[in-house]
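Place chain U on chain Y using the hints.
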Amino acid sequence: MILSMDMLMEVLQSIMHIEVLLAILTGLIIGLIVGAIPGLTSVMAVSLLLPFSFYLDPLIGIPFLIGVYKGGITGGSIPAILISTPGTGAAAATVLDGYPLAKQGKAGKAIKMGIVSSIIGDTISSLVTFLLFAFGFTRIALLFGSPDMFALLFLCFSLIAILSEGSKIKGFISGALGMMLALVGQDPVMASRRFIFGNVNLTSGFEVVPLMIGIFAVAEVFVQLEKFNETSKQAKVDTSKLDSSLSFREVKRCSRAIGQSSFIGMCIGAIPGLGQIVSAFLSYAAAKRTSKHPEMFGKGSLEGVAAAEAGNNAVNGTTLLPLLTFGIPGDTVTAVLLGAFIAQGSSPGVRLLEENGVVVFGILLAMVITNVFMYFIAMYGTRYFAKVATVSIKVLVPIVLILCILGCYAVNNNVFDILMMCIFGVFGYFLKKLSIPAAPLLITFLLSKRLELSLAQSLQLSGGSFLIFFQKPISLVLMLLSFLILGWSIYDSIKKKGGKEGFKLPTE
Amino acid sequence: MLTKERVYDLILSAFLIIVSIVCYYLVPYQVPQRRNYGSIPFTPDLFPRIVMVITVILAVFLVSSTLSQYLKTKSTESAAGAEEELESDIRLDKLLLVILILFAYVFCIDAIGYLITTLMFLAVLMYVLENRNYIALISTSIITTALTFYVFRYLMMVPLPPGIWTI
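For the record, the sequence lines run as chains Y and U.
Counting from 1, one number per residue, gives the positions in the first sequence under our numbering.
Counting from 1001, one number per residue, gives the positions in the second sequence under our numbering.
Here chain Y stands alone, though its shape is the one from the complex (with noise of 0.2 Å):
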C-alpha cells in the first residue's frame, strides 16, 4: 500500500489550509459562472485559467483549476435546464429532460436534482480513484515496456478518434491533423528539426497553450460572433420558478438511476478518449432502458436528469487513473491538467506517487472537497447563477479575448505565442464549421511524440522485426482491441454508406 498513515496525515494537514480552501472555491465559483453562460465553456476556462495556476503552489494551484472544471460542469446544468441551451457540452443530455420540467414550472427541483447527482457521482468516483492510488495502482506503469506503450497509445488513438461526437471519418480526420501539428519541432528520438521552416521560434514546436487556448477559447468566441443578432438578444429567465424544491424521496427514488450511472462514469472515465459527453448519453440511455418509467424520459423525468449530471460528473475522478499512471489524458480538460501536472514538475507515471505523493493525494482528496463546497453553493446561489446565465455577448467577448490573450503570453512572454493563438483561433473555427471534433487532434497532438518515440524504441529492442508488438501479453491484447476497434469503424462506416453518426452534438 503506497499511502501509509503517517503520508495520510500529512496530506490531510497540507490540504486543511485557508489558501487551498480559497483556491477551491474561487475556482468553483469562476466555473460555476462560466459553466452558466452559454457561449463559454468549462474547457475554454481551464485552458484559460492553466498559464495562471503555474505561478502558484500545486496544491493551490491544481485543485483551483480542477474547482473550475466541476464548477463548469454543474454550471452548464443550468442554462441546459432554463433555456435548453447547455452551457457546456456535458450538458447536452440534461436539456432533454431538464427543459420540459422546466417547462411545467419544476426548474429549481431539476436544477437542484442535477446538482445533487453531480456530487453523489463525483464523490463517489473520486474516492474509488483514491483507494485505487493509495493501494498502488500505479505500479501498474512498471509492467509496461516500450512495446506496451507503444500499443497503449495506439489503442488510445483508435478509441479517440472513434468515439468522440460526430462522424467517424472526421475524428481519425482531427486525430491526423494533430499527428501533423505535431510534426513541427525536434523529433523525439534525435532532436532533428522537423518543418520548422526557419522559424527559430518552432524549435521546439508548437506550444501546447496557445493551441488549446486558439482552438478551444478563441475559435469558440468567433463561432459566438457569427450568431451576434441572435445572443445580442438576451434570453429571459425567470427566477420565481426556481423555488420548487426537491425532496429527499425524490433523490432516493433515483437513487438506482444515480449509481447506476456513476458506475458507468467511472468506467468511461478510466478509458482514455472518451469523456463526460459520452458518459452523460450512455448513462442516460442505460437509465431509461432500466427506469420503471421509461415513458416519462424526454417529458419531465427527475431521473432523466439525475443519470445525465451523475453520468457526466462520475467521470472526473477516474479520469485521473490513466493520466497520472501514463500520462495520457482522457479528454481535453484532463490534457490541460496534464499540462499543470508537468510544469508543476509532476511527471506522471510510477515515481509520481513515490516522489510527489502529498500532492497527489492531496489533490484527490481536494475534489471530494470541491464536492462539498458545491452542494453549499449551488444550492444555495442558483439564482445568482441563473441571473449570470443572460450576460450579453457584447461584455464578454473583448474581456474573454484579452484573458485569452494574456494567458498565452503568460507562457513563455513571447508574443509570438499570441499569434499562434490567433492562427489556431481561425484554424479551429474552421474545424467547428466543418463539423471536425477537436478532442482527438488535442490528444494525438499531445501524444505523437510519445508514440513516435515507443515505435523507435520497440524497433530498436527487435532489430527492426514489427513481431515484437505481438510477443507479449500486454502489447498483444492491445494491438488486438486496437485493430478490431478499427476494423470495426471501418465496416461500420461503410455499412452506413457516411459515417455521419455517433452524438450529434453541440460544440463542447
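Be a bit skeptical, because a hint or two may be false.
As the list claims (entries may be wrong) - What follows is a set of in silico ranges between Cβ atoms, one per label pair, in the way DEER data are often shown:
| id | chain 1 | residue 1 | chain 2 | residue 2 | range |
| --- | --- | --- | --- | --- | --- |
| 1 | U | F1015 | Y | S465 | 35 to 43 Å |
| 2 | Y | I474 | U | K1072 | 41 to 49 Å |
| 3 | U | A1136 | Y | K433 | 43 to 51 Å |
I should point out that these hints are in silico values taken from the structure, not numbers from a laboratory.
Because the structure is a prediction, the values reported are computed rather than measured.
A virtual CB, placed ideally from N, CA and C, is assigned to each residue, including glycine.
The following block gives chain U in isolation, referenced to the frame of chain Y:
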C-alpha cells in the same frame, strides 16, 4: 443532393490531399537527414511520411463517403427542404472585423506596449460590438486594463511588453 455540408467536406478532402502530398514532398527539405537511429532504418523522416500517407487515405475515404451519400440521396431528397439555413443571420462582417482587430493587436503590442494597446483594443472591440454606452465602454476598458496589468505585473511578476509607455 449536394448540401452545403457535403460541399464543405469535398473541399476539405481536396485541401487535405493537397496539403499532405505537398508536405510529403517537403519532407526531404524540411527534415534533416541523419544517420539511422541505432541499427535500424528509423530516420526522422519515416514518421512524417507515415502521417502524410494516413492523411491522404483518410481524405480519400471522406471523398468516397461524401460522394456515396450524394449519389444515394440524389433522387430522393428535394432541393427545397435542405436549403432552409438562415444565412442572413450569420454576421460574418463582425467576425472578420474582430479577427482583424485581434491580429492588429499582436502586431501593435510590441511596438506600442501592453497598456496602450490593450486599452485601444478593448475600446475598439466594444465599439465594434455595438456598445454605444460610451461611459461604460471607456470605464470597462480602463478598469480591465488596469486590473489585468496589476495582476500580471505585480502579483504574478510577469513583465508585459513595455513599448513606448508603461508604468
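Okay, the hints, checked on the actual structure:
no., hint, verdict
1, U:F1015 x Y:S465: 35 to 43 Å, "37 Å, holds"
2, Y:I474 x U:K1072: 41 to 49 Å, "43 Å, holds"
3, U:A1136 x Y:K433: 43 to 51 Å, "33 Å, violated"
This entry does not satisfy hint 3, going by the numbered hints stated previously; all others are met.
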